[in-house]
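J.: Chain by chain, the residues:
Protein chains: 2
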Amino acid sequence: MTPVTINTFVNQKEPHLVSNELATISFGEYIFRRLLSTGTKSVFGVPGDFNLSLLEYLYAPSVESAGLKWIGTCNELNAAYAADGYSRYSNNIGCLVTTFGVGELSALNGVAGSFAENVKVLHIVGVAKSIDSRSDNFRDRNMHHLVPQLHGSNFKGPNHKVYHDMVKDRVACSVAYLEDIETACDQVDNVIRDIYKYSKPGYIFVPADFADMSVTCENLINVPHISQQDCITYPSQIQLFDILDRITSWMYSSKTPAILGDVLTDRYGVSEILNKLIYATGIWNFSTVMGKSVIDEANPKYMGQYNGKEGLRQVYEHFESCDLVLHFGVDINEINNGHYTFTYKPNAKIIQFHPNYIRFVDTKYGHEQMFEGINFAPVLMELYKGIDVSRLSLQYDSGVTSYTNETMQLEDPTNDQSNNITQVHLQKVMPKFLSPGDVVVCETGSFQFSVRDFAFPTQLKYISQGFFLSIGMALPAALGVGIAMQDFPNAHISDENIGEGYKPRLILFEGDGAAQMTIQELSTILKCHITIDIFIWNNNGYTIERAIMGPTRAYNDVMSWKWTKLLEAFGDFDRKHTNSTVIEYPSKLAMKLEELKSSNTRDGIELVEVKLGVLDFPEQLKCMVDAAALKRNKK
Amino acid sequence: MTPVTINTFVNQKEPHLVSNELATISFGEYIFRRLLSTGTKSVFGVPGDFNLSLLEYLYAPSVESAGLKWIGTCNELNAAYAADGYSRYSNNIGCLVTTFGVGELSALNGVAGSFAENVKVLHIVGVAKSIDSRSDNFRDRNMHHLVPQLHGSNFKGPNHKVYHDMVKDRVACSVAYLEDIETACDQVDNVIRDIYKYSKPGYIFVPADFADMSVTCENLINVPHISQQDCITYPSQIQLFDILDRITSWMYSSKTPAILGDVLTDRYGVSEILNKLIYATGIWNFSTVMGKSVIDEANPKYMGQYNGKEGLRQVYEHFESCDLVLHFGVDINEINNGHYTFTYKPNAKIIQFHPNYIRFVDTKYGHEQMFEGINFAPVLMELYKGIDVSRLSLQYDSGVTSYTNETMQLEDPTNDQSNNITQVHLQKVMPKFLSPGDVVVCETGSFQFSVRDFAFPTQLKYISQGFFLSIGMALPAALGVGIAMQDFPNAHISDENIGEGYKPRLILFEGDGAAQMTIQELSTILKCHITIDIFIWNNNGYTIERAIMGPTRAYNDVMSWKWTKLLEAFGDFDRKHTNSTVIEYPSKLAMKLEELKSSNTRDGIELVEVKLGVLDFPEQLKCMVDAAALKRNKK
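These protein sequence lines map, in sequence, to chains P and Z. Under the UniProt record's numbering, think of the first position of the first sequence as 1, with each following residue one higher. Under the UniProt record's numbering, think of the first position of the second sequence as 1, with each following residue one higher.
Just so you know, not all the hints are guaranteed correct.
A pair counts as met if it fits within one copy or between any two copies, since identical chains are not told apart.
[Stated by the list, open to error] 30 angstroms max Cα-Cα, derived DSSO-like pairs, lysine-lysine:
1. Lys503 / Lys168
2. Lys364 / Lys611
3. Lys576 / Lys428
4. Lys69 / Lys129
5. Lys156 / Lys364
If you're looking for bench data, these hints aren't it; they were derived computationally from the structure.
Work out the full structure: start from the sequences and follow the hints.
T.: What follows is the structure, encoded as structure tokens:
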């Protein structure tokens with residue numbers, strides 16, 4: 001086959017497409033075009049000797065002109081967190097590129113978090129040239145970045161797949177260590193399809209010599225776009241009819257149905273449909289911890305966040321009064337299920353909607369039926385289209401009003417009568433600070449337990465690692481979210497009216513102990529011109545751990561920092577793009593929140609350090625700690 | 001058995017010892033006492049809910065009074081790097097404590113580096129209570145920090161050993177996931193013995209409920225101390241006689257023997273003996289890249305660093321003139337062996353000394369003999385004791401003088417005639433800045449390739465990740481080294497005269513791109529009152545990568561920082577403990593170096609940012625890149 005000049009085949013409208021399948025391109029170019037064809041527009045990572053040949057293709061004309069951006073982060077863990085945030089916001093694939101060993105291993109905890117929380121991340125790892133891992137000349141050589149064998153390493157070469165073997169079947173839904181250029185494009189496509197199908201991370205290990213090798217454009221022509229919808233499993237018409245019939249018959253015969261909006265609804269891109277169903281039917285609805293903001297919490301039938309016995313009592317009672325629960329995007333773990341304390345009204349019926357099954361449970365008769373291998377997303381879409389609202393016979397207690405921020409019955413566990421800012425005070429003032437369409441990223445920590453019970457304004461997107469709970473994740477994740485907001489402006493807003501006259505803001509709630517873990521990424525946030533309001537809750541250490549054990553132990557202390565100096569050190573030398581403030585009193589906080597809210601069009605970074613009590617944590621965290629029996633057993 | 005109050009049994013001189021083996025203590029206390037009994041005095045890490053019950057035993061009277069220190073780092077990767085540095089300096093076990101999943105995975109890259117470079121690190125991971133991982137009630141529960149199964153996770157519990165399975169047999173020489181309190185103490189002891197034996201990292205996974213459980217003191221009484229010497233394999237008397245006979249007969253018949261001091265000599269604590277052998281015999285000696293500073297480079301027969309064809313030509317020629325090579329602590333990999341370009345004089349004899357073998361190679365006859373399962377350390381000790389120096393018949397070329405800093409034939413690849421500070425300039429002035437007894441930590445990067453050819457002053461200890469090459473490692477490693485220097489003052493100095501009148505300094509050479517990866521640990525260096533001089537080579541990005549590819553690509557750029565503001569932000573609010581300077585010209589650098597050297601008794605942190613050219617890298621790096629064929633192949 002004669003290689004042809006590729007530019008003549010470039011589709012001007014979609015430069016990543018080509019119109020001649022005999023055309024060949026370099027494999028490095030293929031990877032980035034394939035990524036573009038899935039909708040991704042930015043790539044995170046850190047250069048390293050084994051990925052440089054691949055990174056060069058960021059500058060291939062077809063890639064560069066399609067606008068694929070390189071977002072270099074300060075380290076690889078932060079790249080993984082950022083890619084995760086990018087995907088959580090955009091529902092596209094978040095991609096990071098690292099190098100063999102030193103890079104990929106540093107990123108691993110971020111990828112594991114994406115796996116645990118069903119986030120679509122593609123981790124591309126540049127590895128040794130295929131000739132090094134395969135040829136007789138090289139395979140006995142201990143290469144840098146590659147761990148030698150424990151025994152006999154001076155006589156025996158390393159296992160080039162050692163890191164591959166670590167992640168495969170553990171923190172990735174799909175893994176390809178490329179060894180044959182002939183099948184490499186197909187393998188890339190397969191990993192991408194799996195990432196969309198499972199909504200979990202995938203890995204591609206790319207030998208450094210593959211980037212420059214030629215491959216055909218066949219796949220890009222035959223399948224010019226890959227979307228999540230192309231990758232999930234659909235029910236047959238007969239199955240669909242059967243399933244919908246059961247769902248609607250249960251709904252029509254229910255007097256007090258409930259919709260529970262869980263996290264996988266978001267991951268499979270059907271939150272908007274679910275909200276339409278809610279508005280159309282007027283069914284009571286609840287969010288879960290991990291599904292927070294899947295449901296538009298401003299809807300008139302929003303009844304609060306349900307978390308079994310760990311949630312607010314009133315929400316629990318309302319949920320337990322429902323005779324049918326439609327649990328969309330169900331993901332079961334101890335955090336999302338209040339340490340397995342979910343309970344239902346006696347004789348209630350439950351339908352669980354999952355990416356791999358629809359499950360009907362009739363608790364009255366102890367019956368259950370599973371439809372396996374079917375993704376719930378198309379079922380939900382058909383349900384919305386097919387439901388006859390007039391046949392619903394809702395009979396909720398008319399005395400019950402929907403959940404609002406005022407519903408939070410907050411006691412001050414510290415009984416703080418001073419003029420300090422307490423968690424209880426934050427629960428009062430922070431919900432009002434939020435506006436429709438805002439994007440809130442929240443760090444794992446004590447404040448996160450407050451936010452659970454906020455009633456968010458309409459169209460607000462909430463992003464937090466609710467289950468894996470890796471502190472330090474939120475700040476780099478906010479970088480990824482900010483980049484995604486640049487790439488897909490207002491993508492989270494379905495109500496067109498919101499965008500007008502208001503610029504949705506990115507807001508980060510961050511703890512001091514957590515912030516210290518990954519603080520350098522503030523610098524990249526600055527470099528990338530991301531507009532963000534950052535609240536640093538400064539309580540002098542790991543207050544979430546103090547709630548569990550060692551309240552006054554030194555191991556829970558962190559070093560005191562001058563937070564307001566950081567942005568100057570990290571690149572805003574003349575302080576033109578950032579503003580930093582320390583807040584110690586409620587009155588000053590009120591003024592600051594008012595100022596920020598009224599200057600909605602401002603750009604740049606606003607960093608607000610809020611001083612809190614060392615031992616002040618929200619009541620909700622206390623409940624969780626008690627429920628989880630995390631406290632030390634008395635001897 | 002009736003539990004007894006432990007304090008009555010505490011040995012006042014050595015509080016970690018007890019004198020009654022029927023006494024019981026809590027397992028958490030056992031772990032820390034066992035660690036103390038190996039010589040370790042500080043523990044690095046980050047608290048997390050699964051390790052808090054263990055960390056509480058840092059405050060057990062017997063542990064606290066023995067002086068075990070907790071060094072909380074900003075994140076877990078940095079804890080791993082610090083533990084690595086602690087061990088490299090002290091030759092004791094560097095210990096880090098992290099929590100299940102989120103903590104341990106973040107630390108993994110640091111541990112992998114310790115594995116690749118034979119560093120004694122103990123990674124203690126707090127995991128779920130044993131009841132959670134074993135009982136029928138709990139095992140189906142998806143716990144936070146633990147990744148769910150890929151398939152069926154809503155119906156099937158997680159694999160509690162998933163992270164254990166990742167590291168076992170890959171980046172650890174010994175791994176124990178504790179499940180039975182009856183055998184837990186023995187398992188701890190076994191992992192510690194393996195760490196010393198292999199000089200590689202080990203893991204202990206400690207269930208959160210184990211810390212409070214009672215165990216007997218039997219092991220602590222029967223084996224009150226564990227040292228590396230207790231853990232290695234000794235030859236039998238017959239083997240030893242046979243081996244020494246062969247070594248000495250080869251030495252006595254050699255005219256031009258060479259000693260090559262390699263890294264494992266340091267890891268098995270016999271560098272001092274090797275230097276005594278060198279001084280006693282007057283044999284020509286060379287260092288390797290990873291063994292840099294194993295040999296006292298001020299000795300009159302030091303001939304430079306040998307790195308095959310990647311090293312300096314003169315050193316190569318001298319090495320190739322030797323008819324016998326005694327290679328102590330041999331570790332073979334592409335960096336340490338100049339991409340496998342080691343060559344020997346025709347018909348030369350070679351003896352390799354390794355922790356698991358002594359190998360005799362006679363290239364003249366193609367003979368080779370291996371004594372396997374024998375550690376070289378006792379062999380070296382006996383060799384030093386037994387050698388009859390009068391029987392040596394050294395006949396080196398009398399015209400050859402030893403290696404000094406003047407030997408470096410440096411060309412300026414940039415031909416920089418300006419008044420900028422170049423790498424060549426640094427190679428001229430920095431060696432003179434170093435003093436006998438200093439401890440130098442050097443980051444992976446372009447400057448590291450210059451340091452290879454420095455002739456260090458006597459008793460200088462050099463610490464650098466020479467093979468795994470994970471950038472960002474050096475700054476947190478310097479924290480660990482600084483703590484170890486506090487715990488074991490002047491432990492690296494065998495010549496008592498050095499200590500007098502001079503306070504050995506800790507000096508860190510750090511690149512800007514690398515520093516950004518792990519910068520927050522500056523804060524812990526400050527918190528721990530470590531005295532250190534930090535040179536930040538600011539060349540605006542990843543110059544080591546630019547040398548390979550993409551010299552002007554944006555992916556090799558990093559954000560510009562105001563380095564001199566960092567220490568103020570990180571805790572030195574009134575700048576009493578730190579001093580920061582920017583240096584742009586050679587004259588100013590000369591003044592600064594003179595100032596630092598003449599004020600030897602000062603405490604605190606001195607941060608010197610030195611501005612370098614973006615594309616200026618040492619000739620040695622160019623040679624390595626060329627040899628490794630890392631540059632892109634022309635198509």
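J.: Check the structure against each numbered hint from earlier and tell me which ones fail, lowest number first.
T.: 1, 2 and 3
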